[in-house]
Each structure stands twice: as structure tokens, then as C-alpha cells.
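Participant: Each chain is listed here by its residues.
Number of protein chains: 2
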Amino acid sequence: MRAYMNRLAARPHNVGSPYDKENAEWILGKLKEWGLDAHIEEFDVLFPTPKERVVELLEPSRFRAKLAEPPVPEDPTSSQTSEQLPTYNAYSADGDVTGRLVYVNHGVPDDYEQLDRLGISVKGAIVIARYGGSWRGIKPKVAAEHGALGCIIYSDPRDDGYAEGKTFPNGEWRPPMGVQRGSVADMPVYPGDPLTPGVGATKDAKRLTVAEAQTITKIPVLPISYADAKPLLAALDGPVAPEAWRGGLDLTYHLGAGPAKVHLVVKSNWDIKTLYDVLATIPGSQSPDEWVIRGNHHDAWVNGADDPISGTVAELEEARAFAELRKQGWQPKRTLIYAFWDGEEPGLLGSTEWVETHAADLTRHAVAYINSDSNGRGYLGAGGSHTLERLVNEVAHEINDPEKNISVWKRSQLARIGREQGEAAKEARTRKDLRIEALGSGSDFTPFLQHLGIASLDLGFFGEGGGGVYHSIYDDIYWYDHFSDKTHVYGRALSQTAGTTMMRLADADVLPFEFGDFADTVKRYAGEVKALWQTKHDEIEERNLQLEEGVFSATADPEKTFVPPAREALPPHLNFAPLDDAVDHLSRASEAYEKALSTHESTVPAGELNPLLIESERSLLDPHGLPKRPWFQHMIYAPGLYTGYGVKTLPGVREAIEQKEWSEAGEQIPRTAAAIEREAALLDQMTKVIER
Amino acid sequence: MRAYMNRLAARPHNVGSPYDKENAEWILGKLKEWGLDAHIEEFDVLFPTPKERVVELLEPSRFRAKLAEPPVPEDPTSSQTSEQLPTYNAYSADGDVTGRLVYVNHGVPDDYEQLDRLGISVKGAIVIARYGGSWRGIKPKVAAEHGALGCIIYSDPRDDGYAEGKTFPNGEWRPPMGVQRGSVADMPVYPGDPLTPGVGATKDAKRLTVAEAQTITKIPVLPISYADAKPLLAALDGPVAPEAWRGGLDLTYHLGAGPAKVHLVVKSNWDIKTLYDVLATIPGSQSPDEWVIRGNHHDAWVNGADDPISGTVAELEEARAFAELRKQGWQPKRTLIYAFWDGEEPGLLGSTEWVETHAADLTRHAVAYINSDSNGRGYLGAGGSHTLERLVNEVAHEINDPEKNISVWKRSQLARIGREQGEAAKEARTRKDLRIEALGSGSDFTPFLQHLGIASLDLGFFGEGGGGVYHSIYDDIYWYDHFSDKTHVYGRALSQTAGTTMMRLADADVLPFEFGDFADTVKRYAGEVKALWQTKHDEIEERNLQLEEGVFSATADPEKTFVPPAREALPPHLNFAPLDDAVDHLSRASEAYEKALSTHESTVPAGELNPLLIESERSLLDPHGLPKRPWFQHMIYAPGLYTGYGVKTLPGVREAIEQKEWSEAGEQIPRTAAAIEREAALLDQMTKVIER
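Taken in order, these protein sequences are the chains called A and B.
The first sequence begins at 1 in the working numbering and counts up by one.
The second sequence begins at 1 in the working numbering and counts up by one.
These are calculated hints, taken from the structure and not from any lab test.
Among the hints, a few may not be true.
In this list, chains with the same sequence are indistinguishable; a pair is considered to hold if it fits within one copy or across any two.
Listed next, the in silico BS3-like pairs over lysine-lysine satisfying Cα-Cα at most 25 Å (straight line) [to be verified]: (1) Lys426 - Lys166; (2) Lys261 - Lys560; (3) Lys560 - Lys486; (4) Lys560 - Lys166.
Please construct the entire structure, taking both the sequences and the accompanying hints into account.
Facilitator: Have a look at this one:
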């Protein structure tokens with residue numbers, strides 16, 4: 001794996017770069033060398049790269065941001081400056097704007113709510129937000145919704161710089177001039193090529209114009225370092241930022257607006273670039289039409305030793321191991337597909353375009369998709385479809401933790417016991433399966449899971465060691481060799497975990513989906529959205545009461561500006577009965593199915609059952625999709641419209657309540673319930689198949 | 001009040017300075033000028049002042065701390081350098097020590113617990129602690145208990161410097177070179193002159209030698225600014241400090257030990273200085289032997305416009321008002337004593353020595369003691385004996401808030417409604433009286449309340465505006481005029497609040513003690529100490545289980561040092577029955593008393609009842625005092641042995657449980673219960689007196 005990394009991360013290999021293509025060809029060569037049937041599939045996508053970038057302070061003094069990451073002498077690849085993409089946010093709108101600066105913390109909706117209370121508007125202003133608190137693409141989107149002209153995003157040293165530890169190259173954390181690149185496309189609306197929503201970006205695809213593309217930001221955005229941010233923040237006056245908003249710079253965090261006046265320019269080359277997805281197939285011996293798919297991307301923002309090569313090499317090693325097994329005579333029952341995606345960084349391009357191109361086949365044949373991305377030291381992180389929660393737990397029992405010589409399952413369990421309190425700690429001690437996370441977005445599982453309803457898992461190790469080189473030129477071999485999984489023992493553990501999962505999915509007689517954990521999880525989600533409604537109700541009721549009592553006027557410091565919140569109408573009660581009924585049905589149906597399966601173990605008609613099991617995740621799709629984003633069709637899992645990578649479960653209902661769209665919430669409850677009912681009905685059908 | 005402040009804060013007036021004496025004489029002159037019977041009472045106390053102070057970094061580079069606060073051009077009194085006490089901690093032991101530096105956060109016992117887990121010892125080291133988290137005197141005490149050779153305390157900019165807002169003179173917060181002076185005597189053992197515990201420091205008092213004085217620190221201590229602290233902290237290596245320990249400097253907070261090596265020298269002149277307490281008496285017309293006492297100190301660390309002159313001038317104005325009332329023919333029924341204490345800053349010297357000197361008379365005659373200290377803008381802060389909770393609530397209903405034109409009670413109530421959640425918010429809306437704080441220490445109420453059992457209140461306004469000039473040369477008229485209660489309207493509100501309280505205590509037929517609130521409060525405290533035992537029990541049980549399960553070994557990052565905690569024996573069950581019985585008795589007795597009082601309103605024999613009411617706070621004393629500190633005799637309220645100013649209620653029981661001294665806890669429960677039983681029995685007696 002070290003050898004693979006030394007090759008793949010040797011030079012910058014972003015989308016459109018020569019080394020990106022060379023890497024794809026090298027991976028293809030390796031796969032073929034190992035005897036696998038492999039090919040490259042190309043797509044042509046919009047990929048803007050900067051031609052003009054300016055951040056300058058005009059008032060009260062002048063300062064021009066460097067917008068550049070200096071090479072570090074110890075670190076050989078950091079000096080490959082001619083091949084490095086400049087620091088920028090892909091899919092920022094072009095713009096040349098000037099305005100007073102306002103500090104907006106993370107720039108999420110709650111932050112603007114607080115700014116409103118403090119009497120600060122961003123209308124006509126340029127906002128500066130710190131990274132964190134949401135996926136970066138949310139920041140310019142919400143800023144634009146509030147009337148801002150431009151958006152600067154910076155990495156505060158409190159979050160991943162010197163406050164966390166020594167900075168690179170002395171430590172793993174972000175140095176003063178380090179910048180986090182990244183996409184700001186509105187991926188929660190749809191990921192992939194902004195010009196080809198819903199269809200593959202093949203040579204002859206029908207394309208939108210750039211102006212028509214919905215996912216490009218409305219205002220210009222640039223990411224900057226904390227060295228560049230400091231003079232801007234130091235030039236702000238106005239109210240002092242609330243305590244939780246303050247970062248690690250040695251200055252008073254003021255909110256503005258002004259007197260700092262800033263000039264921001266972003267202009268891009270809006271070029272079409274070619275993606276190189278590499279795919280290898282190991283045909284199934286018994287059920288070749290049932291596909292088990294594995295993927296990790298290979299493109300990076302710069303050298304990307306951590307993101308994504310640490311995961312890419314683990315996947316590559318799995319492919320080699322399966323190739324070896326084949327040479328020894330083993331054949332999977334089902335077909336294995338190993339994918340190495342290009343263009344994940346700008347917006348899950350390679351995976352999304354491939355999934356959109358092959359949607360019909362995938363809907364028919366795909367059993368499951370197993371994803372990975374960056375990999376480090378520590379604990380198995382597993383997220384995904386809860387129908388696979390049992391499977392991934394069973395696999396985790398079999399994998400040895402290289403640091404502790406206990407199973408990675410045991411290590412995770414003990415960590416939860418140590419971390420959790422009360423009921424959650426009790427559950428960590430007693431529940432058969434450790435709960436897995438629901439998936440939002442941020443890696444290539446999204447099109448599989450949330451567009452096509454293919455049961456998915458995302459696997460990786462992390463939790464020990466830190467890092468502040470994410471999406472910078474310093475995420476490279478030197479960094480990985482000094483500060484992460486230096487001996488690649490967790491790379492091996494990832495290969496073992498994902499490889500074992502692939503093998504079980506490929507070879508099980510009855511596909512290893514389990515519905516008890518799923519039903520239990522959905523029931524929790526239903527409880528959460530009901531509690532959320534109650535919380536919103538109680539908050540509004542309490543605030544209205546406080547307005548009536550005069551709490552806000554009595555407690556406002558007359559020496560500071562304070563704007564009391566407006567009175568709000570109480571939310572109407574919602575009819576959660578269809579959701580409760582569906583959840584009950586799902587619980588009963590899953591119990592009956594699991595009971596039937598164990599009672600009739602020896603006579604289960606696997607051949608008849610497996611197609612229904614494959615269909616089970618599809619049942620959770622609604623072909624109309626979610627409100628305002630029909631591309632996202634899964635009714636249980638979605639990235640949040642206002643969190644980005646952060647997941648929203650039962651997203652139709654949950655986001656309507658969060659956004660106080662009461663009539664939409666009323667519509668989404670029966671839609672969501674219907675998806676769950678479909679799943680329950682399918683389970684009933686499967687139980688009958690077994691019992692027949 | 002502005003005129004008084006302009007006089008009293010015009011020059012530095014610490015204990016032993018010429019201006020301290022001049023101020024006392026000026027106050028005396030004013031009181032006499034107004035026609036009051038006033039005098040100065042002198043005491044002779046140990047008051048060390050520095051003759052040598054060194055903090056220097058020896059390795060890995062050299063740096064010598066400035067240990068000086070520069071004058072600020074805009075601020076005229078900041079340049080009175082020849083009269084300013086150097087920056088130091090009074091009652092630090094003399095010492096000349098060199099050692100590796102260790103950062104210990106606040107330097108409280110929990111911090112050392114965490115250092116133990118990280119494998120870091122302070123044995124033979126010099127610790128650097130930041131201000132906050134406890135009273136400053138706790139830091140060198142706990143450091144010495146852990147084997148440290150010396151202690152440096154610094155003001156982190158996160159806590160009261162630039163992280164909070166603009167720094168002086170542009171704002172109210174601590175500038176880079178600002179230093180917090182202050183006493184580090186072990187006041188939770190006994191306050192007052194370290195050489196005369198328990199007796200007045202009169203000319204002829206029997207004195208301990210300095211070496212015998214228990215309250216002088218065991219190791220040398222110096223306070224420094226954040227400008228001086230930065231090179232020291234920047235020179236540390238070793239583990240990165242836990243997140244909550246990190247301050248606002250632009251560096252990585254490492255723990256050490258080393259490579260920073262520090263040389264610390266503290267040498268003092270151990271002189272005896274004279275205190276000048278100023279006392280004025282307004283004799284009572286009906287019950288001259290019942291004394292209602294009011295106090296605020298007049299000494300400061302430097303100019304002290306805020307601390308204490310903002311409170312001193314409010315008290316002075318009260319005295320003038322009462323003198324005016326007398327001229328108009330009013331006489332209080334009881335005797336009023338207005339005290340202006342000297343030597344509060346070094347250790348409640350003036351009040352403690354006066355109380356110790358007059359202990360027998362005070363025990364016989366004192367009805368109550370009303371204290372104040374610094375005063376600012378915002379909300380009425382009231383702490384004290386819960387037998388006075390009703391009284392102070394009633395007074396607060398009558399005082400107008402100068403900013404909002406509602407009563408200060410209403411403003412406080414609305415603030416609590418806005419701040420609290422759940423039960424506490426509900427209580428803020430519905431309970432007749434707003435709860436008052438229990439008193440720990442930190443001002444002159446301590447000898448009255450906790451040594452002699454005189455019901456006490458501490459009053460002041462704060463909560464709006466901030467401040468980082470505490471105990472520095474910048475706490476002066478310029479600062480107060482720009483950043484605090486500029487127009488002295490809250491000074492007037494304090495005069496009105498304390499003055500009204502004094503008048504009601506002086507003139508009520510039946511003394512306005514109330515026991516329903518007190519019983520309710522004691523019952524809560526009893527619930528808290530029982531819950532505390534359970535929490536300690538559950539924590540130990542859980543930790544032992546985790547040790548058995550292997551949680552600590554499984555989750556320790558092998559690249560970091562981690563020392564698992566030791567297994568501990570489970571605490572024995574404690575017999576809380578005597579406490580529960582006493583609390584029940586108190587509740588019944590207080591109900592009966594209040595009922596009798598209202599039923600027999602017109603026939604209450606006030607003359608017979610009042611002496612018993614005066615005795616009521618005395619009943620709560622145990623003449624043996626608290627474990628390890630017999631001077632503190634109040635069984636309900638005490639400053640914490642390991643928090644300093646922070647209060648411990650039911651301190652005998654609570655601290656024994658906190659420190660896991662189970663057999664001591666077993667002894668303290670019946671002692672505490674006995675005090676509560678005495679109170680209940682006294683109430684029964686009073687009820688009989690009324691009903692007879």
C-alpha cells in the first residue's frame with residue numbers, strides 16, 4: 001500500500017490534470033496485470049479552474065491576501081507549485097464585488113438568526129465565515145439568501161490550526177498559510193456535473209448552459225488561510241462576537257459590518273474536462289446478474305495522500321487479493337465490481353455520472369455499494385443502510401485492531417462505553433449490534449444510496465491523530481508518513497473490513513440484509529421527528545410568552561443594539577398517525593421475516609428471496625424525490641439542505657419541520673409513511689415466500 | 001457619589017499607604033460633618049510587600065518577565081507609579097526556585113487528576129496556572145500539595161483580555177501587560193491577620209511568628225500578565241492541553257514539563273502595618289442593644305475606583321441620607337452601625353479583626369450584617385442568609401431599575417425566565433421569592449456570617465458591561481467613567497437597596513426573618529448532598545467496571561502517554577436519616593411559626609420574640625467548627641477548602657463526600673443535623689411564645 005501511495009500521490013492529480021489521467025491508466029494497468037477484466041470509462045464534465053482571484057482590504061487600511069500556500073523545505077512534493085491547483089472553491093460564481101465585511105461565524109441559518117438579534121444585516125456586504133459547522137457549500141448559499149454580495153471562507157486556527165497542536169511540518173495541524181480548497185456546488189440539490197443533472201455526462205449528453213446550472217453558487221466565494229484572514233478580522237469593529245463564535249486568533253472577534261471594506265474577485269475558466277473512472281469486474285459464478293460494487297475515488301485536490309489515496313490503496317489491495325484468490329480457484333457467486341472514481345472532489349462527479357449512465361442496469365442488478373475514502377488510525381467508522389448494520393457488525397467482529405490486538409468491533413464498543421452516558425452507555429454494553437451512522441453525503445455513496453436506492457456502506461478508520469492539511473498542498477506523502485497511519489496497518493484493516501464485507505455479500509446464499517436493526521432505527525427516527533415538532537412548538541410558545549412578559553426588553557443592555565425576535569404563530573398539530581402505523585407495520589413485518597428465516601433455515605428459497613432482498617432498499621425511494629430536490633429520492637436518508645454533508649433522516653418530514661413549513665410537513669408524513677409501508681409489505685411478501 | 005469617588009480613588013490607597021490612612025480620615029471627617037458619632041479603630045496586621053520579584057525563562061531560550069503595568073497616556077492616575085504596589089500576591093512565601101514549567105490550567109484538584117491521566121507530575125516543577133476556576137489562593141495551595149516548587153498565575157486573554165473585547169484604554173478589558181494582584185493567604189482556613197487567628201490584632205495581641213502562620217503559602221507565587229506569560233507558554237512542549245484548558249493566546253497550549261525551565265524569586269518585607277476601620281453609630285431609640293451593621297471596605301490594591309470605591313461611595317451616601325433623616329427627626333428603633341473596613345484586599349483584615357475583637361458584643365447584639373463591595377451596571381445580585389431571602393425580595397420590589405424603569409426585582413425575575421430552562425424557569429415565574437445565592441467568601445461578610453453566625457446579606461449590581469482591570473492599576477476613575485456605571489445610577493440603586501434593607505431591619509416591630517424560604521433551601525441542600533454521594537458512588541462503580549472491561553487500555557492512543565485511573569473501593573452507604581429528620585423538623589417548625597405569626601399578627605410579643613430571632617442564625621453554628629478549620633463554625637455556609645470564594649453549603653458533609661472522606665462524612669451528618677435541629681427547636685419555642 002505504501003508503494004501504491006508513493007506512486008499515486010507523487011504529483012498533484014486533480015480532475016483535468018495530466019497526472020490524474022496517468023493515475024487512472026496506472027490503476028488500470030495494475031488491475032489488468034493482476035488478471036482482472038478492467039476498463040476506463042470517460043465522462044466530460046464542467047470543471048472550473050480559477051483565472052483571477054483577489055481578496056483585498058480597502059479600508060480602514062490596505063492589505064492584499066496572498067492566496068497561496070508556500071512550499072515546505074522538508075516536504076518534497078509541496079514544491080510542485082506549477083502543477084498545484086490554486087486555492088479556490090470550485091463552482092463559485094464569477095464576480096467582482098466590494099462591500100463592508102461581516103463576520104458570520106459558520107454562516108449557517110442559526111448564525112444569521114443571532115445576527116438579526118444583534119441588528120446586523122449582511123445585505124450588500126461581503127461575509128467572512130469560518131470553516132466548520134456545516135459543509136462549506138452551505139456558507140455561500142445561505143449568505144446569498146441573506147443578500148450578501150460575496151463570501152470568504154477561512155480556516156480558523158482554533159479548529160484545525162495551532163490551537164489543536166503543532167502545525168505542519170512540525171505537527172499535523174494547519175500552518176498559517178494553509179488553505180482548504182473544496183467544492184461549493186449546491187450538492188444537496190444534486191451532485192455530479194452541474195450541466196447534466198440526472199443523466200450521464202457522456203460525450204453526446206444534452207447539457208445545460210453554465211447560466212442554467214442550478215448548483216453553481218449565486219455569489220463569488222474564495223477560501224483563505226488564517227494568515228490571510230487575520231488582517232481582515234482585525235479590521236472589523238462593531239459588536240463583539242458571541243463567545244462560541246470566537247476563534248483562536250489573538251484578536252477580538254468583532255462582527256462588523258465594517259469599517260473593514262473588502263474587494264473580492266473570482267473569475268474562472270469554465271472548461272469541460274474529462275473524467276477517468278477505472279472499473280474492474282470479477283464475474284459471478286452463480287448469479288452474475290447480482291452485482292456487489294466497491295468504490296473509492298482516485299482524484300485529489302492536490303497530492304491527496306490522505307484524501308483519497310489512503311483509501312484508494314486499500315481498495316486496490318483488495319482488488320489484488322481477490323485477483324489472487326481467483327488464481328487459486330475461488331470464484332465469487334455474484335459479480336464484483338471494483339470502481340476507482342475520478343472527480344469526487346469537485347462534486348462526486350465520477351460516481352454520479354457513472355450511476356446516472358447505468359441507472360437502469362444498476363436498479364436491476366446492484367446488490368449493494370461499499371464505499372471508502374480517506375483512512376487513518378483508530379476506530380472503524382461505519383455508516384450506511386441499516387439493513388446492513390448486522391452485516392458490518394459481524395464483519396467487525398472478525399477484523400483485528402492492529403494497535404490493540406482485539407477485534408475492531410470490541411475496540412469500538414469499549415470506546416462507546418467510555419464515551420457515552422446513561423441509556424446510550426447501557427445500550428453500548430448490551431445491544432447485539434453497535435449502531436451505525438446514517439449517511440448524508442460527502443463521498444461517492446450518495447448517487448448509489450440516495451438516487452437509486454442501492455443499500456450502501458461507507459467504511460474507514462479514524463479517531464486517533466488529527467490533521468489540518470485537508471484539501472491543502474500539505475496533504476501529501478510526507479504528511480501521511482509522519483502523522484497518520486505510517487505503517488499502513490489501518491490500511492490493511494480497511495482492506496480486510498471492506499474485502500470481507502464484499503465477499504460475504506458476494507457469496508452468501510441468502511443476501512445478508514437484516515431488518516430488525518433497520519426497523520428499530522426507523523422507529524427512533526420517527527420518535528425524533530415527533531419530538532422535533534414538540535420542541536419547535538414549545539420554543540415558539542415560550543418565546544411568545546417571553547415577548548408578552550417583556551423578557552427581551554427588560555434584559556437588553558441599553559448600551560448594545562438588540563432586536564427582539566418577532567412573535568410567531570404556533571405550529572399546527574401534525575398527523576403522525578400514518579408514520580406510526582407504518583413503523584409498527586415495519587416492526588411486525590421484520591420480526592416475522594427474521595423468525596421465518598430462522599425457523600425455515602434449511603429450506604429458505606434463496607433464489608426466489610434474493611431478488612426481493614435486492615429490491616428492499618429500492619422500496620424506500622419515492623420517484624417524486626424530496627421537496628425542492630427531486631434527484632434525492634430516498635425517504636430515509638439525505639444530506640441536509642442546510643447542513644450539506646450532515647445527514648437528515650426521514651428528510652422530507654424532518655426538514656419541513658426544521659424550516660417550519662407546516663403544510664409541507666403534512667404532505668411529507670404520508671409520503672414517508674408510504675415508503676416504509678412498501679418496505680413492510682415487501683417483508684410480508686418475503687415471509688410468505690419463506691413459509692410457503 | 002462621583003465626588004466621593006474622585007476623592008477616594010484619586011491615589012493608590014492600599015493597606016499601609018499614606019493615602020489609605022488619609023482616606024479613612026476623610027471618611028471619618030465626612031461622617032462627623034454629617035453629625036454622626038464616628039471613630040477610627042486601628043489594628044496592627046502582618047502585611048507583606050515585595051522587595052524582590054523575578055520570573056525568568058532560562059531554557060530553551062532566555063526571557064525575563066517585566067512584572068510591571070505601563071501607564072496609559074489617556075488615564076491620568078495610571079502614571080502614579082511611585083505609589084502603586086508592585087504586581088504580586090500577598091502572603092506568598094519567600095522563595096528562590098528553579099524548575100521545569102508545567103501548565104496546570106486553573107490548578108484545581110480536577111486539573112491534577114487529568115495531569116495524572118496524562119502521566120505528568122509537577123513534583124519539583126514550577127506550575128503556571130491561569131486565573132479563574134477557583135479563588136487564586138487555591139492554586140499555590142494545590143500546587144504545593146502536589147509537590148510543586150513554585151506557582152505562577154497569569155491572566156489569559158480568553159478570560160478577561162482581548163478575546164472578550166477591546167482592551168484598556170480602548171475598551172474595558174485587560175491590556176497585555178495588565179496584572180491581577182491579590183491575596184493568596186489560605187483564607188478558607190481562617191481569614192484576617194495570619195498572625196492572630198481567632199483574636200483581634202490589637203496592639204497587645206498575642207501573635208504567632210510568620211513561620212507559625214498557617215495561612216501563608218508553602219511555595220512562592222507571583223501573578224503575571226499575558227504579555228509576560230506568552231513566552232513561557234510558547235516554550236512548553238509535551239502533550240497538547242485538553243481543549244477546555246486552552247486560552248486565547250496564538251500558540252499551542254502544551255502542558256510540559258519543560259523544556260521551558262523557569263526561575264522564580266519572591267521575597268517580601270514582612271512588616272506590620274496599621275489598619276484604619278472607620279465606624280459610625282446611629283443609636284437606636286427603642287432597642288439600642290440590637291445592632292444592624294452595614295459595611296464596605298475602603299482599601300484597594302491600587303486606585304480601586306471599581307473595587308471597592310464604587311461600593312464605598314454608595315454606603316457613604318446611605319450614611320449621609322440617614323444623617324439627613326435624623327436631622328429631620330427620624331430615629332431608628334435599633335442601632336445602626338456603618339463600617340468602612342480597611343485591609344479587605346489582603347484578607348478581610350479590617351472586618352475580621354474587628355469582629356474577633358468585638359465577638360462577645362456582636363454575638364449578643366448583632367441583628368444582621370449588610371455588605372457590599374464593587375458595584376456596576378445591571379441586575380441586583382443578592383447573596384446571604386436564607387432567613388433574609390424574603391426581606392431582600394421585598395426590598396427589591398421597591399427599588400427602581402434606572403435603565404428599565406421597572407423594579408429591580410422584576411428585572412431579575414425576567415432575566416431568570418430568559419436564562420433558565422425547565423423547572424428553574426417555571427420556578428422563576430411562580431415562586432414568590434427569587435432565590436438568593438449562598439455566600440462563600442471574598443468580602444467582609446465572612447467573619448460575621450461564618451465565624452459568629454450573624455445573618456448577613458451581600459448586595460451589588462452587575463451583569464452588564466465587563467471588565468478586565470480587576471486588581472490592576474487600570475481599575476481607576478478613568479476606567480469607571482468610561483466603562484462602568486458612568487452616571488452612578490446603579491450606585492444610587494445600591495444605596496437605595498441596602499439603605500431600605502437597613503431601615504427595615506432597624507425599624508420592624510418583629511425582625512423580618514422568614515423561615516419558609518430557609519427551610520426550603522436547606523431541604524434542597526440536603527437533597528444535593530445525598531445526590532452527591534450517589535454520584536460519587538456511581539462514578540466509582542462505573543470506573544471500576546470500565547477498568548475491568550478494559551475500556552481505558554482499549555481506547556488509549558498508543559502514540560500518547562495515558563495512565564489509567566486506579567481502582568477505588570466503593571463508598572460505604574451513609575446514614576442520612578438524622579439530616580432528613582432535621583430537615584423535616586425544620587419544615588414543620590417553620591410552617592408552624594409562619595402560621596402563628598400571621599394568625600396572631602396583632603398580638604405578637606415582639607420584645608420577647610426578637611432576641612430569639614437574633615439567635616436564630618447563631619443556632620446554625622457548631623462551636624467545634626468545620627473539619628480542619630475550627631474558625632469556620634457555620635454548618636450551612638462556608639467557602640470551599642478547594643474553591644476559595646466558591647460556597648459550599650452543608651460544608652461539613654459536602655466536602656467530606658467530595659473528598660471521599662467517608663468516615664468524616666459519617667461524623668458530619670449528625671453534627672449538621674444537630675445545627676438544623678437547634679434551629680427547628682428555636683422555631684418551636686418562638687411559635688410557643690407567639691401562641692401563648
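Participant: Can you give me the call for lysine 560 and lysine 166, within, between, both or neither, at a CA distance of at most 25 Å?
Facilitator: For lysine 560 and lysine 166, only the inter-copy Cα distance (15 Å) is at most 25 Å; the intra-copy one is 38 Å.
Participant: Given identical chains, is lysine 261 near lysine 560, meaning Cα to Cα at most 25 Å, within a copy, between copies, both, or neither?
Facilitator: Answer is within; shortest intra-copy Cα gap is 23 Å, inter-copy 45 Å.
Participant: Check lysine 426 against lysine 166 for me: Cα-Cα at most 25 Å, and say if that holds within a copy, between copies, both or neither.
Facilitator: neither (37 Å within a copy, 48 Å between copies)
Participant: Evaluate lysine 560 and lysine 486 at a C-alpha cut-off of 25 Å and name the case that applies: within, between, both or neither.
Facilitator: For lysine 560 and lysine 486, the Cα distance is within 25 Å only across copies (15 Å; inside one copy 53 Å).
The structure fails to meet hint 1 from the earlier list, while all remaining hints are met.
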